[in-house]
Structure formats: C-alpha cells, structure tokens
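**Q** Sequence:
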Amino acid sequence: QVQLVESGGGLVQPGGSLRLSCAASGSIFSINAMGWYRQAPGKERELVADITSDGSTNYADSVKGRFTISRDNAKKAVFLQMNSLKFEDTAVYYCALASGTWKYNYWGQGTQVTVSS
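When the letters of the sequence shown are read in order and numbered with my numbering, they come out as residues 1 to 117.
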C-alpha cells in the first residue's frame with residue numbers, strides 16, 4: 001500500500017512563504033512523476049506544479065515565478081517552495097504520485113494553506 005504524507009501547510013500573510021513537503025512510502029515500483037494540486041472552496045482541483053523522474057517541471061501560469069517544485073528521488077519526496085503568497089493561493093494542497101502510469105494514481109490527504117492578513 002502506498003502512502004503520501006504531506007506537511008508544511010499553515011497560515012501565512014500575503015507576501016510570505018511556505019514550504020510543503022510530501023514523502024511517499026510503501027510498495028512503489030517506480031515513480032514517473034510527483035506533483036502538487038490544490039483545491040479552493042467551491043472550485044475544482046487544479047494542478048499547481050509537477051516534476052517528472054528526469055527532473056522536467058511544469059507549473060500553472062498562476063504560480064510561475066513564485067513557486068518552485070523539487071524532488072528527492074532517493075527519499076521518494078517532493079517539495080513545493082511557495083513565495084510571494086497571495087490570497088488566491090488559499091486552498092487545500094494535495095501531493096500526487098504517478099507510479100506505473102503517467103496518470104496520478106496516488107494522493108495524499110491534503111494540507112491546508114491559508115493566506116490571510
């Protein structure tokens with residue numbers, strides 16, 4: 001069974017920073033990609049950023065230049081450095097993992113990020 005455990009969410013003021021972490025454990029044959037999604041109240045879940053096993057990254061236009069995704073293959077971990085946070089970044093952030101496929105098939109429980117003054 002594969003588990004994804006997120007950490008690092010919290011309350012931050014506009015312009016502040018947070019770093020999210022996600023560690024995968026369990027029987028993982030291979031990891032094609034890991035990423036972060038978010039879901040704000042009343043909105044659909046959206047991709048924030050993801051990174052493939054060879055290090056290729058992809059970002060939502062709304063976070064380009066502010067967020068940076070990285071991963072530690074040996075630790076099966078992915079990180080999201082979020083800078084210059086805005087009110088509209090408030091959401092539950094979910095870690096995702098694609099194993100044996102290029103579609104995300106494992107998900108974390110989510111961590112709340114709240115940007116508020």
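Check the hints yourself; a few may be wrong.
With a straight-line cut-off of 25 Å between C-alpha atoms, the simulated PhoX-like cross-links for lysine-lysine are [unchecked claim]: (1) Lys-86 with Lys-64; (2) Lys-64 with Lys-103; (3) Lys-76 with Lys-103; (4) Lys-43 with Lys-76; (5) Lys-76 with Lys-64; (6) Lys-43 with Lys-75; (7) Lys-103 with Lys-43; (8) Lys-86 with Lys-43.
Restraint ranges, calculated between C-beta atoms of paired labels, are given here [to be verified]: (9) Thr-101 with Ser-25: 28 to 34 Å; (10) Ser-30 with Thr-114: 33 to 39 Å; (11) Ser-25 with Asn-58: 20 to 26 Å.
Calculated from the structure, these hints are not laboratory results.
Only a predicted model underlies this, so the values are computations on that prediction, with no experimental measurement involved.
From the three backbone atoms N, C-alpha and C, an ideal C-beta is built for every residue, glycine too.
**Q** Now look at each hint and say whether the structure bears it out.
**A** Okay, the hints, checked on the actual structure:
1. With a CA separation close to 13 Å, the supplied pair Lys-86 and Lys-64 stays within the 25 Å bound.
2. A threshold of 25 Å between alpha carbons decides the hint, and for Lys-64 with Lys-103 the separation of about 22 Å falls inside it, so the pair holds.
3. At roughly 17 Å between alpha-carbon atoms, Lys-76 and Lys-103 fall within 25 Å of each other, so this suggested pair holds.
4. Taken as a hint, the Lys-43 and Lys-76 pair is broken in the structure, with Cα atoms around 29 Å apart against an allowance of 25 Å.
5. In summary, the hint linking Lys-76 to Lys-64 is supported, as the alpha carbons are separated by about 24 Å, within the 25 Å threshold.
6. Our distance criterion of 25 Å between C-alpha atoms is broken by Lys-43 and Lys-75, whose separation comes to about 32 Å.
7. Annotation: proposed proximity of Lys-103 to Lys-43 holds, straight-line Cα distance about 21 Å (limit 25 Å).
8. Restraint check: the Cα-Cα separation between Lys-86 and Lys-43 comes to about 17 Å, which is no more than 25 Å; the hinted pair holds.
9. Roughly 19 Å separates the CB atoms of Thr-101 and Ser-25, a value that falls outside the hinted 28 to 34 Å.
10. Against the hinted window of 33 to 39 Å, the Cβ-Cβ separation of Ser-30 and Thr-114 comes to about 35 Å, which satisfies the hint.
11. The beta-carbon spacing between Ser-25 and Asn-58, approximately 25 Å, falls within the hinted interval of 20 to 26 Å.
Consistency with the previously given hints fails for numbers 4, 6 and 9, ordered from lowest to highest.
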